[in-house]
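There are 2 protein chains.
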Amino acid sequence: MKIGIIGSGAVGLLSAAYLSKNHEVTLYTRRKEQAELINAGGISLVKGNQESISLHLRAEDKPAYTEPLLIVTVKQYQLEDILNALKKSPPKTVLFLQNGMSHIPLLQTLSAHRVFVGIVEHGALKLSDNTVKHTGFGCIKVSPLFPGERLNELPVLKMQMDHFPFEYIGDWKYMMSQKLLVNACINPLTALLRVPNGELASNPMFNKMAESVFHEAMKVLSLEKGQEEWEHVMAICRNTAQNRSSMLKDIEEGRMTEIDGIIGYLINQAKTEKLEVPVLHFLYQAIRGMEG
Amino acid sequence: MKIGIIGSGAVGLLSAAYLSKNHEVTLYTRRKEQAELINAGGISLVKGNQESISLHLRAEDKPAYTEPLLIVTVKQYQLEDILNALKKSPPKTVLFLQNGMSHIPLLQTLSAHRVFVGIVEHGALKLSDNTVKHTGFGCIKVSPLFPGERLNELPVLKMQMDHFPFEYIGDWKYMMSQKLLVNACINPLTALLRVPNGELASNPMFNKMAESVFHEAMKVLSLEKGQEEWEHVMAICRNTAQNRSSMLKDIEEGRMTEIDGIIGYLINQAKTEKLEVPVLHFLYQAIRGMEG
Chain B
32 MKIGIIGSGA VGLLSAAYLS KNHEVTLYTR RKEQAELINA GGISLVKGNQ ESISLHLRAE
92 DKPAYTEPLL IVTVKQYQLE DILNALKKSP PKTVLFLQNG MSHIPLLQTL SAHRVFVGIV
152 EHGALKLSDN TVKHTGFGCI KVSPLFPGER LNELPVLKMQ MDHFPFEYIG DWKYMMSQKL
212 LVNACINPLT ALLRVPNGEL ASNPMFNKMA ESVFHEAMKV LSLEKGQEEW EHVMAICRNT
272 AQNRSSMLKD IEEGRMTEID GIIGYLINQA KTEKLEVPVL HFLYQAIRGM EG
Chain D
32 MKIGIIGSGA VGLLSAAYLS KNHEVTLYTR RKEQAELINA GGISLVKGNQ ESISLHLRAE
92 DKPAYTEPLL IVTVKQYQLE DILNALKKSP PKTVLFLQNG MSHIPLLQTL SAHRVFVGIV
152 EHGALKLSDN TVKHTGFGCI KVSPLFPGER LNELPVLKMQ MDHFPFEYIG DWKYMMSQKL
212 LVNACINPLT ALLRVPNGEL ASNPMFNKMA ESVFHEAMKV LSLEKGQEEW EHVMAICRNT
272 AQNRSSMLKD IEEGRMTEID GIIGYLINQA KTEKLEVPVL HFLYQAIRGM EG
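Protein sequence lines correspond, in order, to chains B and D.
Using my numbering, the first residue of the first sequence is number 32, and each one after it goes up by one.
Using my numbering, the first residue of the second sequence is number 32, and each one after it goes up by one.
Because the hints were derived from the structure by calculation, they are not lab data.
Keep in mind that this is a model prediction, so the values were computed, not measured.
Identical copies carry no separate label here, and so any pair may be met within one copy or between two of them.
Using 35 Å as the maximum straight-line C-alpha spacing, the simulated DSBU-like pairs for lysine-lysine come out as follows:
#1 LYS33 <-> LYS93
#2 LYS33 <-> LYS52
#3 LYS204 <-> LYS302
#4 LYS63 <-> LYS118
#5 LYS123 <-> LYS106
#6 LYS250 <-> LYS239
#7 LYS239 <-> LYS106
Sequences and hints are given; from them, build the entire structure.
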């Protein structure tokens, strides 16, 4: 199958390295130098102490997007140009792998395409422009955004492979909400306090702060099973105790963060539903103020 | 006049250096080494490029507190032993110079004494155990805690001197509330965000955070003149733009902070008055969690 992967950060490189073993992959980069580097030397995939090189793929800095299956791995705030290109393109299958939910209304306008949203549960670290480390083996959960998809026609089922599985989820809204809840509780707080994930579970005061964020987010997302969801968030903090969240890294490196897609989305939803979310406002302002 | 100054941080050293010019001052220190250092070499007072040495004072690490006028300059959370000693002592005049307001109910039990509370509007930096820099010329505002004090008998009026004036304020509650409001808006936020005071005025997002803290604090303190008070807080941020607040320094140096006396007091008041203060809770938890 011809697959186009748009965005060459950690998730883009990881997906390209794995999927190019069985498929004809084109990786779309933003910078020409990165495309040339990958075309010359392939992508190095590091797993534990082993390193393998994927040579059977092509990298491209011109946004042709001609493949029938596209996997979009850029950040939510980088989607605009891609969505404009897709609006002029013949029908395709497109899988979007962004954090947050503020981009969902934009995706819902792509009704000419088969649109899937997904969440990445792999750990991946970009070591250089053509080297990615697979630091945590998980899966990519995918779900159709529009109703009426037939399970036996799903392209994800043709992409299954060891160490890089896909999992089908029927209800995209629940899947995305649950991930958003986790991101809302962990990412902005760890960035604000400049601590690794584990401290939100182990420091009793930081734990109370996470609980306040959790309660406001739950209220907005109308999720049930409060205790279960809270334990899920805390389990992730403990299981990734040493990790520094992506938002913390963004702040430390003076980059823009995904705060708009995560807390910004919750604040907008709260406004629509006339709910008070003072702690989410406070947290949003802190991260926006800290951005480089 | 015999004056005992309790506590030998920046404010204690500054007060001792000035007041010993016209009065018989005993400075009470916690550590014996500091007392010995001061008894041997006096206190160096740095103003701009000039340095003068005050030799005419005595330092003491034993808490005798025999002087008829005591000025208490320790932090609010270090008051306990001093209050216990005062309860057994014959009537004195005692001036308390703590930040926050959570200690006020404790002071109200000292009805055998003449009790004054005061706020320090000097800038002072402790450079060593016997060197203090007077970085900002202001005043010390003082107000009697119990009604019925006669103005012409006030000891503060006998302590006036150049560069170290005292100002009499009739309403201690308004004086302390206004200072608390300033401290509540500036200290914890600058410590949490690790920024100098000016950023609360110049960074639009941090400014909104300060505004949220301000509104919750105003509600609890029942202060009127909202716009005027807000402009006062912002003027202080701009006038001390490069300063790092005492709470930020405490956090950076792994010390305990004055959060209990400031935000802790507001939270307790809010509880009594059944007011919701979600942002104050969040801020309190952040600082307590960050404390060394």
